[in-house]
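Peer 1: Spelled out, the chains give:
Protein chains: 2
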Amino acid sequence: MVMRKLKIGLLGCGTVGRGLVELVGRNQGLIQQRSGVELRITQILVRDLNKERPGVDRTLLTANPDKVLNNGCDMVVELVGGIQPAKSFIERSLAGGKHVVTANKALLALDGFRLMKAAEAQKVRLGFEGSVCGGIPIIRALRAGLVGNSIQKLSGILNGTCNYILTRMTEDRVDFEEALREAQAKGFAEADPTLDVDGHDAAQKLKILAELAFGAELGPDAVQVEGIRDIAADDVEAAREFGFVIKHVATAEFSDDSVSLNCGPVLLAQSHQLASIRDENNAVLVRGDAVGEMLFSGKGAGSLPSASAVLSDVVDIACHKGGFSVSSGGQVDAATRDCRSSFYLRFTVADPSAIGPITTILERNRIGVARAAALWARSDSGKHQVRLLTHSSSKHAVEASLRDVAAAGLEKGKSVFLRVAD
Amino acid sequence: MVMRKLKIGLLGCGTVGRGLVELVGRNQGLIQQRSGVELRITQILVRDLNKERPGVDRTLLTANPDKVLNNGCDMVVELVGGIQPAKSFIERSLAGGKHVVTANKALLALDGFRLMKAAEAQKVRLGFEGSVCGGIPIIRALRAGLVGNSIQKLSGILNGTCNYILTRMTEDRVDFEEALREAQAKGFAEADPTLDVDGHDAAQKLKILAELAFGAELGPDAVQVEGIRDIAADDVEAAREFGFVIKHVATAEFSDDSVSLNCGPVLLAQSHQLASIRDENNAVLVRGDAVGEMLFSGKGAGSLPSASAVLSDVVDIACHKGGFSVSSGGQVDAATRDCRSSFYLRFTVADPSAIGPITTILERNRIGVARAAALWARSDSGKHQVRLLTHSSSKHAVEASLRDVAAAGLEKGKSVFLRVAD
Numbered sequence: 001m002v003m004r005k006l007k008i009g010l011l012g013c014g015t016v017g018r019g020l021v022e023l024v025g026r027n028q029g030l031i032q033q034r035s036g037v038e039l040r041i042t043q044i045l046v047r048d049l050n051k052e053r054p055g056v057d058r059t060l061l062t063a064n065p066d067k068v069l070n071n072g073c074d075m076v077v078e079l080v081g082g083i084q085p086a087k088s089f090i091e092r093s094l095a096g097g098k099h100v101v102t103a104n105k106a107l108l109a110l111d112g113f114r115l116m117k118a119a120e121a122q123k124v125r126l127g128f129e130g131s132v133c134g135g136i137p138i139i140r141a142l143r144a145g146l147v148g149n150s151i152q153k154l155s156g157i158l159n160g161t162c163n164y165i166l167t168r169m170t171e172d173r174v175d176f177e178e179a180l181r182e183a184q185a186k187g188f189a190e191a192d193p194t195l196d197v198d199g200h201d202a203a204q205k206l207k208i209l210a211e212l213a214f215g216a217e218l219g220p221d222a223v224q225v226e227g228i229r230d231i232a233a234d235d236v237e238a239a240r241e242f243g244f245v246i247k248h249v250a251t252a253e254f255s256d257d258s259v260s261l262n263c264g265p266v267l268l269a270q271s272h273q274l275a276s277i278r279d280e281n282n283a284v285l286v287r288g289d290a291v292g293e294m295l296f297s298g299k300g301a302g303s304l305p306s307a308s309a310v311l312s313d314v315v316d317i318a319c320h321k322g323g324f325s326v327s328s329g330g331q332v333d334a335a336t337r338d339c340r341s342s343f344y345l346r347f348t349v350a351d352p353s354a355i356g357p358i359t360t361i362l363e364r365n366r367i368g369v370a371r372a373a374a375l376w377a378r379s380d381s382g383k384h385q386v387r388l389l390t391h392s393s394s395k396h397a398v399e400a401s402l403r404d405v406a407a408a409g410l411e412k413g414k415s416v417f418l419r420v421a422d
Numbered sequence: 001m002v003m004r005k006l007k008i009g010l011l012g013c014g015t016v017g018r019g020l021v022e023l024v025g026r027n028q029g030l031i032q033q034r035s036g037v038e039l040r041i042t043q044i045l046v047r048d049l050n051k052e053r054p055g056v057d058r059t060l061l062t063a064n065p066d067k068v069l070n071n072g073c074d075m076v077v078e079l080v081g082g083i084q085p086a087k088s089f090i091e092r093s094l095a096g097g098k099h100v101v102t103a104n105k106a107l108l109a110l111d112g113f114r115l116m117k118a119a120e121a122q123k124v125r126l127g128f129e130g131s132v133c134g135g136i137p138i139i140r141a142l143r144a145g146l147v148g149n150s151i152q153k154l155s156g157i158l159n160g161t162c163n164y165i166l167t168r169m170t171e172d173r174v175d176f177e178e179a180l181r182e183a184q185a186k187g188f189a190e191a192d193p194t195l196d197v198d199g200h201d202a203a204q205k206l207k208i209l210a211e212l213a214f215g216a217e218l219g220p221d222a223v224q225v226e227g228i229r230d231i232a233a234d235d236v237e238a239a240r241e242f243g244f245v246i247k248h249v250a251t252a253e254f255s256d257d258s259v260s261l262n263c264g265p266v267l268l269a270q271s272h273q274l275a276s277i278r279d280e281n282n283a284v285l286v287r288g289d290a291v292g293e294m295l296f297s298g299k300g301a302g303s304l305p306s307a308s309a310v311l312s313d314v315v316d317i318a319c320h321k322g323g324f325s326v327s328s329g330g331q332v333d334a335a336t337r338d339c340r341s342s343f344y345l346r347f348t349v350a351d352p353s354a355i356g357p358i359t360t361i362l363e364r365n366r367i368g369v370a371r372a373a374a375l376w377a378r379s380d381s382g383k384h385q386v387r388l389l390t391h392s393s394s395k396h397a398v399e400a401s402l403r404d405v406a407a408a409g410l411e412k413g414k415s416v417f418l419r420v421a422d
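Respectively, the protein sequence lines represent chains G and Z.
Under this note's numbering, the first sequence is numbered contiguously, ending at residue 422.
Under this note's numbering, the second sequence is numbered contiguously, ending at residue 422.
Incorrect hints may have been included.
Since the list gives no way to pick one copy over another, a pair counts as held whenever it fits inside one copy or between any two copies.
To be verified - As a list, the in silico SDA-like pairs of lysine to any residue whose alpha-carbon atoms are at most 20 Å apart:
#1 LYS117 x HIS320
#2 LYS414 x ALA397
#3 LYS123 x HIS320
#4 LYS123 x GLN33
#5 LYS153 x GLN33
It is worth saying that the hints were derived from the structure and are not from the lab.
Please construct the entire structure, taking both the sequences and the accompanying hints into account.
Peer 2: Below, the structure written as structure tokens:
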């Protein structure tokens, strides 16, 4: 076997960067055997030269990006994150004819389609397996494994923090705040969990996957995003009684030349393939016209899983330098049209007998009620509940009903409605 | 985008071949958009020129292999199956500097490692995604997606026929014969189901996956194979009572420089990731040192899923002509060493009180009994049962105990023992 050397300029040495250095060191021999490529990290851009970085050769460090970008490396690996200066680093590298590998989810969600076009124009490759779902090779599956399929739908559990919190709420019957504290204590949630629990992280990943799957550029507000802060322990309990679990699910569906992208909490039947994905794990379900439904699941984040994904791009590009193409499907509008589904509704009411007028309002809006229950408050808060599961109904009709219930003065707190997934 | 043309010589036009023709026709435009490659099937080898083949252009057919192999195509797709003449077709193509894509499981299990070496020596590529688990891109995951990982273990449900039969036995509480008849009626089992239900099909797939994952050639008898003919409705029922389901699972594990490969029915905890894989579906669990545990599941067979896998190789090779390497780990012996596990045992006995001497024999062989039950026969067959679940025990000790029970004349029928998976 002819052994080739590959010089890598590494930008950033945070969690994933250190994971990459560790993994290249640990599995160097194996990678050479498998690919015939000898990997060498020749320079590493960092902000603070003096910070402690166990296992990283200090002589490779520099605080000057030009030293990495101009040093004659074969490939640039961008792991600094954020929009700038990461974007200009990538653009300079592509313009200079260098292959780029990145795990920068925020940047790709914002500008991925244009960066892919730029790489294509330069006949170099842009790898970004590490940007979505850590070690799960879902980008590769969409780009290569399912290349002969027309993708009809993809849905997934794309945020480990939300999934960890909802798993704890389901299995330990704790409320959102307590589950969040536990996630933070275990390192599965940030001190400021906004990006994760409000759904924005999952929405970014969904946009990257959907642009690849459907071969079209999507606008910045293409994804309808909801988080999980409003899910109460009561909702989890009610879902269980109805035979469901609540999960934060991102869904992209292609039909009638438009794409609908949703990201938020939904009820899944307990037998649904995504219902059994526990804790901080991620999973993606893809439906292609030839393969049918396919599930990929595993660890969606973490130093070594993400580094493994970055490394797979590095080796793949080193072995096969031909460019991947970007579909030229052009810009597609995201649909904000109505959808039909069963829904779970929870109303906080001053009087449980409100179940009567509430079901009347639903019927007036052509919403069939499959199951309904009025529950007396355990404490003397006076906050009783009405919980319902509807037959398949229009989402617009459900929203109209919520407005009608509010206008009728029946509520004594915020109402909640969640879609029941197919 | 520069559009390249790729001329494909197709050998064989059976189920998968016709699926390939259909899929290339249906998704041609999409594939061009995604890859910049225009696929053209230029000639098709068939045995019988006059057979009805809806959707296939008759002018492409030939019964003379030389016409395909010498016609100046860029790539040969081998879908004739079996060992010969498929092997010589592939060898001739590789020797002639042509890339080859095949879905020939039997041939790859027998000679895959040498064929990969031959392709490497010729600097051409040999794709075989279609040989294992239909549309699930598991070969690509092992070759590329997890290239930076040392693979520690892989296990999977690799045979759809076995899984369909066991699912029916579990969910509909029917016996093996009835489930097999249903599988045959639905096209999930052949008229002669031997290859599937006796485990040989799964064993071939396991060998292909293990050679890739561990980068070593394995001998022809490397896999210990068991089928599912001996599983009775009683065993499925007993497993359920103990909190398990019975699945036909193939497992490859690497430790202490040896590989152990097993393929047979095991008990899985109901919460196990493979326990929820139903009907004719396939699934593979891979454990890598960086990514942790990862699951891939989907349709493991069928015309379009397998054609999708073949097509992914065709496009990948067309885009990236560099060669994949074969690890040079050399030949590795398959371990036939003892293993420790919990076991499920079923004895058919003339007298239920045999539970006493049987547990005594087990204890003498240092096997701890976790649960035991003696069951009177429902009919007057006189065939009563003793069922046991052991604590973690040596497999050799269990086998010795079975011999001791037989020698003690306690049995009135064949005894069954199954491993309980971790």
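Peer 1: Name the hints, by number, that the structure is in violation of.
Peer 2: none
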